[in-house]
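Once you've looked at the hints, dock chain B against the given chain A.
There are 2 protein chains.
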Amino acid sequence: CAGMENPGYRSGSVDSLRHRPSDVVVEDDDDDDEMVDIAGATLDFSNTDDDPPLGSGEYFVERGSRAGSMSGAGPGRLVDPLEDPLPGKSKDRDRHREIANKSRQSTVALLHSVSDAFSGWLLMLLVGLMSGALAGGIDIAAHWLTDMKEGLCLVGFWFNHEHCCWTSNETTFQERDRCPQWQSWAEIMTGTSEGALAYFVNYLMFLVWALLFALLAVTLVRAFAPYACGSGIPEIKTILSGFIIRGYLGKWTLIIKTITLVLAVSSGLSLGKEGPLVHVACCCANILCHLFTKYRKNEAKRREVLSAAAAVGVSVAFGAPIGGVLFSLEEVSYYFPLKTLWRSFFAALVAAFTLRSINPFGNSRLVLFYVEFHAPWHLVELGPFILLGIFGGLWGALFIRANIAWCRIRKSTRLGHYPVTEVLVVTALTGMLAYPNSYTRMGGAELISELFNDCSLLDSSQLCGYKQSNSTSGAGVGNGLADRPAGVGLYAALWQLALALVFKMMITVITFGMKVPSGLFIPSMAVGAIAGRLLGVGMEQLAYYNHDSAIFRGWCSPGADCITPGLYAMVGAAACLGGVTRMTVSLVVIMFELTGGLEYIVPLMAATMTSKWVADAFGREGIYEAHIRLNGYPFLEPKEEFQHSSLTADVMRPRRSDPPLAVLTQEGMTVEEVEALVESTHYSGFPVVVSQDSHRLVGFVLRRDLLISIDNARKRQEGVVGASQVVFTEHSPAPADDAPPPLRLRGIVDLSPFTVTDHTPMDITVDIFRKLGLRQCLVTHNGKLLGIITKKDILKHMANDCQQRPRLHPLQL
Amino acid sequence: CAGMENPGYRSGSVDSLRHRPSDVVVEDDDDDDEMVDIAGATLDFSNTDDDPPLGSGEYFVERGSRAGSMSGAGPGRLVDPLEDPLPGKSKDRDRHREIANKSRQSTVALLHSVSDAFSGWLLMLLVGLMSGALAGGIDIAAHWLTDMKEGLCLVGFWFNHEHCCWTSNETTFQERDRCPQWQSWAEIMTGTSEGALAYFVNYLMFLVWALLFALLAVTLVRAFAPYACGSGIPEIKTILSGFIIRGYLGKWTLIIKTITLVLAVSSGLSLGKEGPLVHVACCCANILCHLFTKYRKNEAKRREVLSAAAAVGVSVAFGAPIGGVLFSLEEVSYYFPLKTLWRSFFAALVAAFTLRSINPFGNSRLVLFYVEFHAPWHLVELGPFILLGIFGGLWGALFIRANIAWCRIRKSTRLGHYPVTEVLVVTALTGMLAYPNSYTRMGGAELISELFNDCSLLDSSQLCGYKQSNSTSGAGVGNGLADRPAGVGLYAALWQLALALVFKMMITVITFGMKVPSGLFIPSMAVGAIAGRLLGVGMEQLAYYNHDSAIFRGWCSPGADCITPGLYAMVGAAACLGGVTRMTVSLVVIMFELTGGLEYIVPLMAATMTSKWVADAFGREGIYEAHIRLNGYPFLEPKEEFQHSSLTADVMRPRRSDPPLAVLTQEGMTVEEVEALVESTHYSGFPVVVSQDSHRLVGFVLRRDLLISIDNARKRQEGVVGASQVVFTEHSPAPADDAPPPLRLRGIVDLSPFTVTDHTPMDITVDIFRKLGLRQCLVTHNGKLLGIITKKDILKHMANDCQQRPRLHPLQL
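As you go down the protein sequences, you meet chains A and B in turn. With UniProt numbering, the residue at position 24 of the first sequence is 24, and numbering never jumps. With UniProt numbering, the residue at position 495 of the second sequence is 495, and numbering never jumps.
Don't read these hints as lab results, they were simulated from the structure. A quick note: this is a predicted structure, and the numbers were derived from the prediction, not measured. A few of these clues could be false.
To be verified - A few chain B positions that, by computed beta-carbon distances, are all more than 10 Å from chain A:
no., residue
1, GLY151
2, GLY156
3, ARG401
What the hints assert, rightly or not - No farther apart than 25 Å at their CA atoms in a straight line, the calculated lysine to any residue pairs in the SDA-like style are these:
no., chain 1, residue 1, chain 2, residue 2
4, B, LYS784, A, SER694
5, A, LYS784, B, LYS411
6, A, LYS339, B, ALA626
7, B, LYS294, A, ARG620
8, B, LYS251, B, LEU216
9, A, LYS784, B, GLY747
10, A, LYS784, B, VAL690
11, A, LYS339, B, TRP613
12, A, LYS339, B, PRO337
13, B, LYS339, A, GLY619
14, B, LYS339, A, ARG629
15, B, LYS411, B, PRO660
16, B, LYS339, A, SER449
17, B, LYS784, A, GLY619
18, A, LYS251, A, GLY195
Beta carbons: idealized from backbone N, C-alpha and C, even for Gly.
Excised from the complex, chain A in its bound form (with noise of 0.2 Å):
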């Protein structure tokens, strides 16, 4: 949803990115320029990502990114080129070798090096306990605002629901729900809680307040924080591929987006808090990062702190720590080193056990939805879940194309110029259709809860509302419950659910992409729920009533409970995500940490293995990778293989109709000419060859550096003026004695830029960009110097074959 607001990333083309030198910001110096108030600024995308350098923009080499991403050394360079000039010296590892060094020395500085160590897990530690803090403050004031919108407590209107009628005197379920202390609109109201006024105005309330929710969350989003919107994770997929989007992880985003966040849950739109939460996550994390030395100053550090921000934003979420490092590691990073796999999963860790010690939930459990089935399954059932993995499949890929059709018409049409009505519309449309329909008037994750739920006997859900056909003189607790005929209850439920499921099928679609904070998890996975459960119930029915037939017979005779309905809403649950978002591992994890039973992999596996292919076969993309493309942003996909037969020499630049390249020599540029090329150009940084001549390639220098070098040596250094020599070389020739004394500039040079031959193969040169985090690279033939590649050249390369060229079979993943 972010770049709706930017006119430079509106076309949603990759070729947008291109001519906008005006909201092109040569990434600050200074980290904290990027908490900067944003709260009512423009948009602009602080972009340190390169522009062709033959276009009107300029190109910047983030050697920080290169060398940082690789090894955590050189961004000191990044940071202030001009404090650490010599590139091949990295910071970071000579603070390292520094602190050892002195370690022996004193035991002072020994406590500091101790310290020093434990900065990342210190930091990990902090990360793990804000996000659960919040995420369980963000559950509590949920809880209680969804049940504001059905009435209120007497006692004291900070209560919930269940809350309120804790004290109550009354001894069952279903008896305490409704305890006098907690009383419906209409009861307040009215005085009375039946009959069609009461009805009416409880529905009228239940508008009343979600609008007003609806309101303040896009409200607050478009005054104060326009990043707080959508679910964030598309952007922190950029971001952790090396794209930087100023203030989208500050404190002002956080500030909003967890109020907002809060009020988008209760206004009943069909949306999840489990996406925004990693957003979340993230910004606690990058905002902690402040206060390290060792982390605010180093970018690639940074984004190894962010990744495991994501897997603790999964792990609170769902309670889910394993699950959430694996979604970090598949869904959201690109580069995840082994150290950020440890860290990762003791932040996750700190942070599910944070959340389950203020315990929102109410009932001890880590996870969000707590399942535990008795009846194992049998082979014969994975062709339903197979059935539903397809079902999931055909869903995602539809819901991806239906959701990103109607986010182009968002920013096509006039539609996108009201973003407060729109939100408003939809919040009014789905109150009025969800209200009449207990199941989608309950939130989400309630209703995924109530439908993964196996029955009880004491359950008195509708789900549950089974013949009780010799609930007398049945064997005993464990037997009751099998082999049920469906009541009438049972009927009236299933209508619901097939209402429901269509309902929430289309209202996703509209929903996803608002100006507020929405996650997507929770709405597939309701959807999948829903089918999963009516096809469970089917299954069980069809069990029922066929348990002599050829297929059931055996496993599934009278008196044997077979089928489990709840599990079939799991596997629907697990298949639609799956189609969405694609996630394969680290959904079968979740999934597996929320019963906590090997048992069930399998039939999870299958559906969101069917899932994945059925999806992929329609559309390579998952949501958020389409959302990426959608919004224009410069990321290299690091799953999907590149399959042109073009070389480098094909994408570099400059083109064969280009004008030649802006180069600096060793020696024999004058300080005047040298300003004059910098002027000419808008380029952030220039080759060095040893002539124009032969054009072989000795470094590369950045715009900065020269600029600020020359305007330093004319301010301090005797002699220099314009006619003065600028020598790239180690050693000068002696100039002659007439001469000003020459510019020495070797200092400032990259003597090591990254360099590949016009005759590499596009498909390697790409996967040297992946893999290094590269952001540009030289092009050489024969050791001269032809041309420059860089990151955003491969991407709209692929953008424009990405028609012609023929697709990889969807099964090849």
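Here is chain B on its own, set in the frame of chain A:
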């Protein structure tokens, strides 16, 4: 253990890798050669790794490794360079394109395309099935042989103790164990099961069988598959990093390792089957790869399959598929793309469920040690858990040092010449010392299982020998267990356990590294589990007698089940295994999968983390890295950061005193000159430069390609004689009228060799090597070719500098 027989590997230093042209075999084109029957043959390592260009060796550029590990592209060049003479085109990619294009044409081709796409999954399925089946077979056979040491089933000798007594009529478990069908050797031979004679006969038979098994194992290993010894994990790590050890994963190794593993485990030696199962799974994978063209011909793809197989191995070893995948990711694999993640997971699951359907443990459980704890843990208990972590770390560090020292002694003294004697002596020693103590007499896995077990009321184990203080007046099942004073039985058990701890600690050091298959997981875990159980019982008694003290008050009141000694055993096992292998996340996840409860993750993690930190403080290498270094395998540790401040120019060759690099010029050399150059050196590749003067780099050509091309040309092409010019340029100059026609060889030149500049800091160069999986890289200066740097140069440089460099603080991890 494998390095022992190879003279080149005996000295155990990287230096020894240099001058061995005799056993450096340039990788064969035909992969089937790896399947060659190596039974009884000499152990030559098929080393595709480069030798230094200026030594007597040869350097060899495995383009396939580079391109392959990068994107699966290009290994066609490796497999058969002549078939695909144009670098930059990748066969695999082309094959896809071809298939994708064809698939539009006919349905048959579409089916082919689908089957091609599915072949990866099919392969995974087969690997899972085969490994699971083998693991099941190994389990069953080992059970049977282990029981054979104690007695015989009269109903049929092929039954193990448990199966033999299944049909027995006895009702309690204890009596069942003493069913009449099963007779100890004393009963069979002397007719009595009591008395000193019977004990002596049993003791003797135990020893005889143990020696017989050990003898058989070591003889088989020596005679048929020397690679079958050890755990195999160090070698697999090395293979996955790009090194090839011919026959290491062949069918003979598989067969012999499977058989001898059973024998070694049954012989009662202090070793486990878990590590070797990884090797077995990798052998299965390697053999099954030969069924699929896609994998037979592609080294890089096969390595991905091997990564997945490592996951399968751990999955079947512990019944922990998720843990297995993380083990492969964390500990074994060098390059682990997401695709592999998903496939590993699939294969691991298939294997785990295959194993379960074989049901070797007879309990229908997936996991090796099924544990179910009921009592939660208290925050105070973190203290003892961390203590266990410290113990584990100390033991891990100590074990590694002692074991490596012992292995060095074995290598350097005459001991190494008598492997059979060594195995027999150690077996005899183990048997003699182990028999009197019931905890050492039982197998390692059985012991751990018993130590992990929580005492239930009906438990007759000695470890549960509590005084039944109020068994009749006690509340119920739940509380009857709690708060127990130790009885005489328990005290006796503790003494035995303490002795067993000392014994296990000692004997494992000399056992690991002998010439039998031997894993470390179980012995390490056993040591930790004993220590943990001892501490746990100690804590329990402390709590019982001091339940009013400040520490225990509130959570450990009389009647509450507050301390679970089994949990302590589990934490201790994790700590010791962590100390030895330095696994972290995967270890915690494996343990988590055993219990299935997220509750116990925190104790496990606290202990594992402490253990790793403590162990790292004494030496950063885990046991596998230590053995890799001991054997001198060329392995570039991906975890450790490179700490030198040197530049590439300092490490590359030629050094200043060396003769200049042997290069070809792109034109001007005659066939004779080229042949002379090739003959005079042993390098497996030559850079091509523009001219001897300019030294601008054009490309790189393989020795093999060069020789074959010239040979072919001489045979087939008219007029190619010794005086013909060899031309590597695109457009050759018009030859003089009288000159013979030139030989054009541009087709065999790799026009996109990797280059770095001489000023590149070594830490960046090392990272490029790691990330791109390079074996060598050309070094340029100002566009001119300066030298070459190989992986081996880097390893040597790292080894030389190892002493003087400042060590990174262990907490830094």
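Do the hints match the structure? See the list:
Every Cβ of chain A is farther than 10 Å from the Cβ of GLY151(B); the closest lies at roughly 35 Å, confirming the non-interface assignment. With a cut of 10 Å on Cβ distances, GLY156(B) stays outside the contact zone with chain A, its closest approach being about 30 Å. For ARG401(B), the requirement that its beta carbon stay farther than 10 Å from each beta carbon of chain A is met, with the minimum near 23 Å. With a C-alpha separation of about 11 Å, the suggested pairing of LYS784(B) with SER694(A) holds against the 25 Å cut-off.
Restraint check for LYS784(A) and LYS411(B): the C-alpha separation of about 52 Å exceeds 25 Å, so the hint is violated. The hinted pair formed by LYS339(A) and ALA626(B) meets the criterion: a straight-line CA distance of about 20 Å does not exceed 25 Å. Distance restraint check for LYS294(B) and ARG620(A): the Cα-Cα separation of roughly 23 Å lies within the 25 Å cut-off, and the hinted pair is therefore satisfied. A threshold of 25 Å between alpha carbons decides the hint, and for LYS251(B) with LEU216(B) the separation of about 19 Å falls inside it, so the pair holds.
Taking the CA atoms of LYS784(A) and GLY747(B), the gap is about 21 Å. The hint holds against a cut of 25 Å. For the given pair, LYS784(A) sits about 11 Å from VAL690(B) by alpha-carbon distance, which is consistent with the 25 Å threshold. The suggested pairing of LYS339(A) with TRP613(B) holds, with an alpha-carbon distance near 13 Å, which does not exceed 25 Å. At roughly 17 Å between alpha-carbon atoms, LYS339(A) and PRO337(B) fall within 25 Å of each other, so this suggested pair holds.
Straight-line distance between C-alpha atoms of LYS339(B) and GLY619(A) comes to about 18 Å, which keeps the hinted pair within the 25 Å bound. Simply put, LYS339(B) and ARG629(A) have alpha-carbon atoms about 22 Å apart, close enough for the 25 Å limit, and the pair holds. For the given pair, LYS411(B) sits about 38 Å from PRO660(B) by alpha-carbon distance, which is inconsistent with the 25 Å threshold. As the CA atoms of LYS339(B) and SER449(A) are separated by approximately 32 Å, the hinted pair breaks the 25 Å bound.
For the proposed pair LYS784(B) and GLY619(A), the alpha carbon gap of about 46 Å is over 25 Å, so the pair is violated. This hinted pair does not check out: LYS251(A) and GLY195(A) have alpha carbons roughly 48 Å apart, beyond 25 Å.
The structure shown violates the earlier hints numbered 5, 15, 16, 17, 18.
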